[in-house]
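Engineer: Build out the structure end to end from the sequences listed, making use of the hints.
Just so you know, the sequences run in chain order A and B. Numbers 534 to 800, taken from the numbering used here, label the letters of the first sequence in order. Numbers 39 to 341, taken from the numbering used here, label the letters of the second sequence in order.
Don't read these hints as lab results, they were simulated from the structure. Cβ coordinates follow ideal geometry from the N, Cα and C atoms, glycine included. Misleading hints may appear alongside valid ones.
Claimed, not checked - 16 Å max Cα-Cα, derived EDC-like pairs, lysine to aspartate or glutamate:
(1) A:K685 / A:D706
(2) B:K335 / B:E312
(3) A:K617 / A:E779
(4) A:K617 / A:E789
(5) A:K631 / B:E312
(6) A:K631 / A:E587
(7) B:K297 / A:E789
(8) B:K296 / A:E789
(9) A:K695 / A:D708
Said to hold, decoys possible - Some residues of chain B that are not near chain A, with every Cβ distance over 12 Å (derived):
(10) L68
(11) P191
(12) D202
(13) S261
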Amino acid sequence: MAIQGAEQTILRDPALFYWILFPISIVMILTGILRHYATVLMNNAPKSASTLAESRERLALLRGVNLRNNACSVLDRESFEMRKNYMVTGFRNGAFLKDPNNRGQPPANPMTDPAGMEAMMGMLKGNMMMMIPQTLIMSWINAFFSGFVILKLPFPLTIRFKSMLQSGVMTRDLDVQWVSSLSWYFLNLMGLQSVFGFILGSDNAANQMAQQMGMANPAAMVNPLQPGQDPDKLYLNEAENLEVMEHFCILDGVEERILQNFAPAGI
Amino acid sequence: MAGPVADTREISGSDLISALHLAQQAPAILGQASRSGDTPNSSDTADYYARLEQLLLACLRTGDDQSAQTCLNRLSLRFGPSNERIMGLRGLYEEATAKDQPALEKCLQEYDNTLSQSPVNVPILKRRVALLRSLNRPSDAISGLIQLLDAIPTDAEAWCELADLYQSQGLGSQAIFSLEEALLIAPNSWNIHSRLGELLYICASEGDASRLLGRSVQHFSRSIELCDDYLRGFYGLTLASTRMLDNDYAGVSGQLPKKTLERLKAFALLKLGEIVESRSVDDQHWASSRSELIAAKELLNRQ
Chain A
534 MAIQGAEQTI
544 LRDPALFYWI
554 LFPISIVMIL
564 TGILRHYATV
574 LMNNAPKSAS
584 TLAESRERLA
594 LLRGVNLRNN
604 ACSVLDRESF
614 EMRKNYMVTG
624 FRNGAFLKDP
634 NNRGQPPANP
644 MTDPAGMEAM
654 MGMLKGNMMM
664 MIPQTLIMSW
674 INAFFSGFVI
684 LKLPFPLTIR
694 FKSMLQSGVM
704 TRDLDVQWVS
714 SLSWYFLNLM
724 GLQSVFGFIL
734 GSDNAANQMA
744 QQMGMANPAA
754 MVNPLQPGQD
764 PDKLYLNEAE
774 NLEVMEHFCI
784 LDGVEERILQ
794 NFAPAGI
Chain B
39 MAGPVADTRE
49 ISGSDLISAL
59 HLAQQAPAIL
69 GQASRSGDTP
79 NSSDTADYYA
89 RLEQLLLACL
99 RTGDDQSAQT
109 CLNRLSLRFG
119 PSNERIMGLR
129 GLYEEATAKD
139 QPALEKCLQE
149 YDNTLSQSPV
159 NVPILKRRVA
169 LLRSLNRPSD
179 AISGLIQLLD
189 AIPTDAEAWC
199 ELADLYQSQG
209 LGSQAIFSLE
219 EALLIAPNSW
229 NIHSRLGELL
239 YICASEGDAS
249 RLLGRSVQHF
259 SRSIELCDDY
269 LRGFYGLTLA
279 STRMLDNDYA
289 GVSGQLPKKT
299 LERLKAFALL
309 KLGEIVESRS
319 VDDQHWASSR
329 SELIAAKELL
339 NRQ
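Structural biologist: Given below as C-alpha cells:
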C-alpha cells in the first residue's frame with residue numbers, strides 16, 4: 534500500500550523522455566496531418582443528379598419545406614391554398630418521383646444500387662482512414678514501448694484517473710500522477726485536435742475550393758435523401774405536414790407596423 | 039495591393055460605370071498573379087478566383103475581350119475545362135464575342151449538344167435560356183426555363199428571370215406567381231419584395247385593381263420593414279398609396295382606412311426626401327444607383 538501523503542519517487546532514465554515521449558508525440562502529429570491530406574485526396578464530391586427527373590425528386594421535398602417555412606412571410610391566403618393543394622396532390626400522387634411507376638415497391642437494396650454503393654464506399658473509406666493508422670500505431674507502441682512509465686504530472690489526481698493514465702502498467706500501488714506510454718498515446722489521440730487546427734488551418738482550408746466551385750450548382754449542393762431512403766415515404770410525410778399547417782401572414786398589418794416603428798411621431 | 043481589392047468589393051458592378059471601373063483594374067489583378075506566380079499557394083485562394091470571375095464579367099461588358107480571355111484561361115487552367123461553371127463562363131465568352139446571328143445560333147447548337155450529354159448542367163441550362171432571350175425568342179426561353187425549374191424548383195435566380203420574361207410578354211399574373219416562388223426561397227430579400235410590389239402595381243391597371251394595389255402596398259411596406267432606407271421601396275410605396283387614394287380604394291372591402299394610407303404616403307415622401315438629400319451629398323458612393331436617385335427627385339418635385 535502506498536503511504537498516503539508521502540511522495541513516491543521513481544528513478545527514471547532521462548533517455549526515456551527523448552526516446553519515447555517525443556517519438557510518440559511526433560508520430561501522432563505526423564499521422565494526423567497525413568490522414569488529413571489522405572482524406573482530402575480520397576474525398577470525392579457528392580454525386581450530383583444525372584437526370585432532370587432525379588434532380589426534381591431530390592428538390593421537390595425542399596420546395597415543400599420552403600413553402601411550409603416561408604409561406605407566412607410571403608403569401609396571402611388564396612395563393613397559399615393554391616400552392617398547398619398543388620404540393621399535397623403532387624406528393625400524394627407521386628408526381629415528383631423519378632419514376633412514378635415504381636411507386637410502392639420496396640426500395641432497391643443499397644448493396645445493388647450503384648449510387649447507394651458509392652455512398653457506402655465513401656463512408657467506409659472515411660472509417661478506414663481512422664481505423665488503419667490507429668491500429669498500426671497502437672500495435673507499434675504496444676510492441677516497443679509497453680510498460681514504460683514516462684512522465685510525472687506536476688499535480689495530484691484522484692484514483693479514478695488511474696485507468697486513464699496508467700493503461701499497460703499493472704501496478705496497483707503506483708501513484709496516479711505517473712503516466713504510462715500507452716496512456717500518453719491515448720492522450721495524444723484525443724487531445725491533438727487543436728494542434729491540427731493550428732497546423733492545418735481550422736481543418737477546412739483544403740476543402741474550401743471544392744465547396745466554392747460546387748456552389749454554382751444548386752442541384753449538386755444538397756441531397757436531402759439518404760441512400761436507401763424511400764422518397765415516397767418522405768413525400769407523404771411532408772404532405773401531412775403541409776395539410777395541418779395553419780395559415781397566417783405577417784404582411785397583415787405591416788403598414789401599421791412600419792408607421793409605428795419607423796415613422797416619426799408627427800405623421 | 040490592398041487598394042484595388044477593397045474597391046472591387048465596394049462597387050456593386052451592376053451598372054456600366056462601376057463595371058468600367060472594375061474592368062480598368064484588370065492589369066492590376068491579372069498582373070498581381072503573375073508576379074506572385076513563383077509561389078502559387080499565395081494566389082490559389084477561393085477569393086482570388088471569385089475576383090477573376092467578376093473581372094471576366096466586367097471585362098466582357100466593357101469590351102476588353104483580351105483580358106476576359108486571360109481570366110477565362112486562368113480559371114479553366116485551375117478547374118479544368120469540364121467544370122460546369124467554367125463551361126458556363128466559356129459559353130458566356132463565346133456569346134459575347136460572337137460577331138453575328140449565325141455565330142449565336144452556333145453557340146445555341148453547342149449548348150444543346152452539351153445538354154444532351156449531361157442534362158443537369160445548370161450553368162449551361164441558364165446560358166441557353168439567356169441566349170434564347172437575346173435571340174429574341176422569348177417563348178422558347180420561357181419553356182426552357184420552365185423545364186429547368188421543374189427539375190430545380192429551389193433556384194430563386196431562375197424564378198426571378200422567369201418573372202421578368204413573363205412580364206416582358208405581358209403575362210402579369212404568371213410573373214407575380216414566379217416572384218412569389220422566388221420569395222418563398224428567399225423570404226427576407228427586400229429587393230424581391232419591392233419588385234413584387236412593382237409588378238402588382240403594374241398589373242393593377244386591369245381587373246381586380248383594388249386588391250392588387252392593396253397587396254402592392256403591403257409588399258412595399260414589407261421591403262421597407264426589412265431595409266429601412268431602401269429607395270425603391272419608398273418610391274413604390276409613394277406611387278401605390280397615391281394611386282389608391284386617387285382612385286378612392288381606401289376603405290373598400292378589407293382595405294386600409296384612408297387615414298392610414300395618407301400617413302403612409304406622407305411617411306414615404308418624408309423618407310424619400312431624406313434619402314435623396316443624404317445621397318446627393320455623397321454622390322460618388324451611390325453612383326451605381328444614380329438613375330434611381332434622379333427618378334426619386336423628379337417624383338418629389340411633382341408632389
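Engineer: Each hint should be assessed against the structure and marked as holding or not.
Structural biologist: We went through each hint and held it up to the structure:
Of the pairs offered as hints, the one joining K685 of chain A and D706 of chain A holds, with about 15 Å between alpha carbons and a cut-off of 16 Å not exceeded. A distance of roughly 11 Å separates the Cα atoms of K335 of chain B and E312 of chain B; the hinted pair therefore holds under the 16 Å criterion. Between the alpha carbons of K617 of chain A and E779 of chain A the distance comes to roughly 11 Å, so the proposed pair stays at or under 16 Å and holds. Restraint check: the Cα-Cα separation between K617 of chain A and E789 of chain A comes to about 29 Å, which exceeds 16 Å; the hinted pair is violated.
Of the supplied pair hints, the one linking K631 of chain A and E312 of chain B is violated, its CA atoms being roughly 55 Å apart against a limit of 16 Å. Distance hint between K631 of chain A and E587 of chain A is fulfilled; the C-alpha atoms sit about 5 Å from each other, no more than 16 Å. For the proposed pair K297 of chain B and E789 of chain A, the alpha carbon gap of about 11 Å is at most 16 Å, so the pair holds. Under the criterion of a C-alpha separation no larger than 16 Å, the hint pairing K296 of chain B with E789 of chain A is consistent with the structure, at around 13 Å.
A C-alpha spacing of about 8 Å is found between K695 of chain A and D708 of chain A, which places the hinted pair at or below 16 Å, so the restraint holds. With a cut of 12 Å on Cβ distances, L68 of chain B stays outside the contact zone with chain A, its closest approach being about 20 Å. Residue-level check failed: P191 of chain B sits 4 Å from the nearest beta carbon of chain A, not beyond 12 Å. The Cβ of D202 of chain B sits about 18 Å from the closest Cβ of chain A, beyond the 12 Å cut-off, so the non-interface label holds.
With a closest Cβ-Cβ approach of about 10 Å to chain A, S261 of chain B is found to fall inside the 12 Å limit, against its non-interface label.
Hint violations for this structure: numbers 4, 5, 11 and 13, all remaining hints satisfied.
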